[in-house]
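Each protein sequence line maps, in turn, to chains A and B.
Numbering-wise, this note's numbering puts 148 at position 148 of the first sequence, and it's gapless, one number per residue.
Numbering-wise, this note's numbering puts 1072 at position 72 of the second sequence, and it's gapless, one number per residue.
Simulated from the structure, these hints should not be mistaken for laboratory data.
Just to be clear, a hint being listed does not mean it is correct.
[Unchecked claim] Derived DEER-like restraints, expressed as beta-carbon distance ranges:
(1) A/E19 to B/K1304: 52 to 62 Å
(2) B/F1278 to A/E181: 27 to 37 Å
(3) A/T56 to B/T1311: 25 to 35 Å
(4) B/F1278 to A/L170: 27 to 37 Å
(5) A/V18 to B/K1333: 41 to 51 Å
(6) B/Y1337 to A/G136: 35 to 45 Å
(7) B/T1314 to A/G218: 40 to 50 Å
[To be verified] Heads up, simulated EDC-like pairs for lysine to aspartate or glutamate below, C-alpha to C-alpha not over 16 Å straight-line:
(8) B/K1013 to A/E86
(9) B/K1202 to A/D204
(10) B/K1013 to A/D97
(11) A/K12 to B/E1089
(12) B/K1202 to A/D96
(13) B/K1304 to A/E86
(14) B/K1013 to A/D96
For glycine and all other residues, C-beta sits at the position ideal for the given N, C-alpha and C.
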Amino acid sequence: MIEAKDLKKLFKSRGKAVEALKGISFTAEDGEIFGLLGPNGAGKTTTLRILSTMLTPTSGTAVVEGHDILKEPDEIRRKIGFLSTETGLYDRLTPDDTLKFFGKLAGMESSDISKRADYLFDRLDLKKDRKRLISGFSSGMKQKVSIARALVHDPSVIVFDEPTNGLDVLTAKTVTDFLKEMRNEGKTVIISTHILSVVEKICDRFVIIDTGRIVAEGTLAELLEKYSATELEDVFFKLVPERRDA
Amino acid sequence: MNNILTIFQKEFKVFLRDRRTLFMIFVVPIVFYPLMFNVIGHFSSKNRNELKTTTFKVYLAPSVPSEFQQYFPEDSHIRVLKTLTGSPETLLQDNKIQAIVTMADDMEIRYLSSERTSRAAAARLKTTAENYRDALVAAKLKEVGLPETAIHPFKIERKDVASKAKVSGMFLGRILPYMIIIMLFSGAMGFGLEASTGEKEKGTIATLLVSQASRSQIVLGKLLYVVAVEFLYGILNVIGFVVAIGLQASTIQPDMTKKAGETAAGSGFAFSIMPQSFLLLLVLILPIALIAASLIIAIGSYAKSMKEGQTLFTPFLMIFILVGIISMTAPLKIPEYYFWIPVVNTSFSMQELLTFKFQFGHFLTTILTTTGTAAVIIAITIWMFNRESIHFRS
């Protein structure tokens, strides 16, 4: 479970202060896919970076699986599997090397890493490419390796930032199916996206974030009813009117 | 500790799979230095031979006695011009002739120090002038019935009794500390930037930051890797250099090998280092390797791009090049306080070790000050790496 409590984040850039998060609070339960939907620059990535302990909030905090992000960041990193467009892979490693490396960092035994790698590569259809250098992979294959990398230590919380961004339809489906499977295993899955259809298809609940604030929260049905809309797109444009180009 | 080693192993695996880097590290020093010295040796030997056989045109003023020419050494290849197409001074300035000899009370040889041929011609004319003067003195002595020993009661001979190893050590003792320092820092720049800023550019730093390794472990793992590769890079370069210079010493440094050859031990270039001295050398190098590695990781973690990293590191590299130059142009007596300045003291301690003048006090001071400096810089690097503003700088 993830509980974000009034997260605020102030960045200072060239003497100017930019308030990226203006007090974000939400709860993502076990066994659900929770979405952060918003245009570019809304604060989704900053929120996920805070939850993954890459950034510390200026104020507020979050509790992940009972651990406070400010007090126990190491413990949190053991519990979560984080993936974003920024989490690149080492080109000169193979998928096998990658999982061994991150598995070892997670304190796993070699035999456990091997078993987990077999499962993940099988599930993500990477078996025949596991010994090839990643430098020769397509972006879809790289994304699959990234997913395997994020999940090698079998985390109970999955934090994926824009998981289907730039992927072809087939790879995107593999990713979304995999996320659903993890939800069904009882894991807490939190994703960020600016693609409305991803939210419609896989999110059990979601928040719409704009300019560092949550402007709506609920299930798809709840929000459609609340805003008297038939599609999520209508709800989104009602709440984020000035950002129609996003 | 496990995570530090895991990061080190990963870095090393990535390094071993980079063929271009491997080529640069292993092939270049072994091929480049012998090739470089071969080319230098070839051209310097060719130039010397050319100078030996080149005929120099000189002008002797009417005031120079005609018998002067009888004293030209054999194979001097000096051609005295009887007639000139212009003023001797203009011809000399244009290097059409290589020297002018005039005689009043004293003899004067005019030449251009900016021209190699003119310098060589002047040297031959000086020998000629000395021979001529000796002959005049001998004739005068004969006239008054005195033997030649009247003005040369004894011969003066200089005999160099330094061993080959000492002569070679003197030469390498000056150049090696410079090379080692430069190699360590330039090696650190290449590999350290790749391991720090390179991760930012490839987007792998975020992957590492969300892993279960702490930021201190990441820094220390990378530090271990950069030090290891720096050592490898530095040692291979120094070996390549020493071997190449040893092979080509007779053509590049004929004076040095000649001196070494005058000893009973025979001729040639000999560089030897006792195992314990080699070990002490490594102990001296380790702290500066750590200083270089931690500096570059700190800078590389801050920089947004490799280009920015190189720009930020360049002033430090210049400082260390300066340190190297200081060690090459050391005063006769090295002031004691030099041994309290980190990196400068490493250079001079290495010099003492290589020239058989090892002093334990200097060695100890050097180790303590450089290790202390390395520890401070590592602590600053870890502190910096723990700051999120370093990783997400806009």
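Does the Cβ-Cβ separation between A/E19 and B/K1304 fall within 52 to 62 Å? violated (23 Å)
Determine whether the Cβ-Cβ distance between A/V18 and B/K1333 falls within the hinted range of 41 to 51 Å. violated (60 Å)
Supplied distance hint 35 to 45 Å, evaluated on CB atoms of B/Y1337 and A/G136: violated (57 Å)
Just to be careful, I want the Cα atoms of B/K1013 and A/D96 compared with a cutoff of 16 Å; is the pair within it? Satisfied, since the Cα-Cα distance of roughly 13 Å is no more than 16 Å.
Starting from A/K12, check that the Cα of B/E1089 is at most 16 Å away, please. Not OK: A/K12 and B/E1089 at ~72 Å, beyond 16 Å, violated.
What's the verdict on B/K1013 and A/E86, does the C-alpha distance respect the 16 Å limit or exceed it? violated (22 Å)
Would you check the hint for B/K1304 and A/E86, treating anything up to 16 Å between C-alpha atoms as holding? Given pair B/K1304, A/E86 holds - Cα atoms ~14 Å apart, limit 16 Å.
Distance restraint hint 25 to 35 Å, applied to the beta-carbon atoms of A/T56 and B/T1311: About 30 Å separates the Cβ atoms of A/T56 and B/T1311, which means 25 to 35 Å holds.
Just to be careful, I want the Cα atoms of B/K1202 and A/D96 compared with a cutoff of 16 Å; is the pair within it? Violated - the C-alpha atoms of A/D96 and B/K1202 are around 19 Å apart, more than 16 Å.
Taking the beta carbons of B/T1314 and A/G218, is their distance inside 40 to 50 Å? 56 Å Cβ-Cβ, so the 40 to 50 Å window is violated.
With respect to the beta-carbon atoms only, verify the hint that B/F1278 and A/E181 lie 27 to 37 Å apart. For A/E181 against B/F1278, whose Cβ atoms are near 59 Å apart, the range 27 to 37 Å is violated.
Please verify whether B/K1013 and A/D97 have alpha carbons no more than 16 Å apart. holds (9 Å)
Of the numbered hints given earlier, the model fails hints 1, 2, 4, 5, 6, 7, 8, 9, 11 and 12; all others are met.
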